[in-house]
Amino acid sequence: MRRINLWLVAAVLVVAVLPLILPLPRGLAEPFTGADGQAQAAITAANPDYQPWFSPLWEPPSGEIESLLFALQAALGAGLLGYYLGLRRGESQRGRPDADRARRDALAVAARD
Amino acid sequence: MHIMEGFLPPVHAAAWGLASLPFLVMGARSVTRVTREHPRAKLLLASAGAFAFVLSALKIPSVTGSCSHPTGTGLGAILFGPSVMAVLGAIVLLFQALLLAHGGLTTLGANIFSMAIAGPWVAYGVYRLVRTLGGPLSLAVFLAAGLADLATYLVTATQLALAFPDPVSGFLGALTKFGGIFALTQVPLAVIEGLLTVLVVNLLIQYSRDDLDELAFAPGVVR
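Protein sequence lines correspond, in order, to chains Y and H. Residue 1 is where the first sequence starts when you use our numbering, and the numbers rise one by one after that. Residue 1 is where the second sequence starts when you use our numbering, and the numbers rise one by one after that.
Derived from the structure by calculation, the hints contain no laboratory data. One or more of the hints may lead you astray.
What the hints assert, rightly or not - Here are the simulated SDA-like pairs of lysine to any residue, each with C-alpha atoms no more than 20 Å apart in a straight line:
| id | chain 1 | residue 1 | chain 2 | residue 2 |
| --- | --- | --- | --- | --- |
| 1 | H | 42 | Y | 90 |
| 2 | H | 59 | H | 99 |
| 3 | H | 177 | Y | 44 |
This structure is a prediction, so every number in the text was calculated from the model and none was measured.
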């Protein structure tokens, strides 16, 4: 199972990094802009008269603040997920008799030395 | 898949809000029921929300030369059923609308419908279908999460095409245009989302079989 998981992580990295290595599609004004922004640009291009009728209550004042908040979002999520998996991993190992025996043996060896 | 603030005409914004409302009510009930009936699984429920939190924050490059993000809603949908994800996904979208000016309050209903309702229901349906047909767990999880991700973006493209039909080619022309922006870009990201969801399910089976048993998820599958 552990080997499968390592392969899964490797595959994710390959799929994520490959676009950066492959040649970009022709006629691209700016590489790797957001698809959401492109859709917004397409709306404005096809409907020049459309005026957004509401604007965000608050906008991050700079790109740095925006990336801070995105990093915070990812960190909160990853932190909680990691806490959960670590907690359950610890519980599952504490409950295993062979793990207990291994720990006792290790302690015994340490005490003897 | 975030439709920007103010970028849906008021009637469309209101209609998608109304369409999402019953799912949110149903979702809130589901969350209450899950936490009451399976108190042990509360932390797993929060973790499923956390997974959506991480994945929707990651903007990943795609072969089309643009960037987009996964949604992370498939995991919770196959573990807890699709309803709860309406609530968890709405929390993610609200965070992004208020703090990141990503999406918006007027487009919240539409964005909830694509990411927190359509995606999770597709995930749940695909998962059940593949399992019923006797497909292996990993394949079911991969297809469920990946197709949910794609479905979310197709719904966004449909929402935009309904609101901004092409003056010449109409709704279908606009759907092709918005679909072109979202769908192809999203394919590698859907693969990534599928792989990561399989990874998390593997870890859950390895370390958290008790919680999965509590939810009667994939009974009998052990590491």
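Here is what the structure says about each hint:
{"no.": "1", "hint": "42(H) - 90(Y)", "verdict": "18 Å, holds"}
{"no.": "2", "hint": "59(H) - 99(H)", "verdict": "17 Å, holds"}
{"no.": "3", "hint": "177(H) - 44(Y)", "verdict": "13 Å, holds"}
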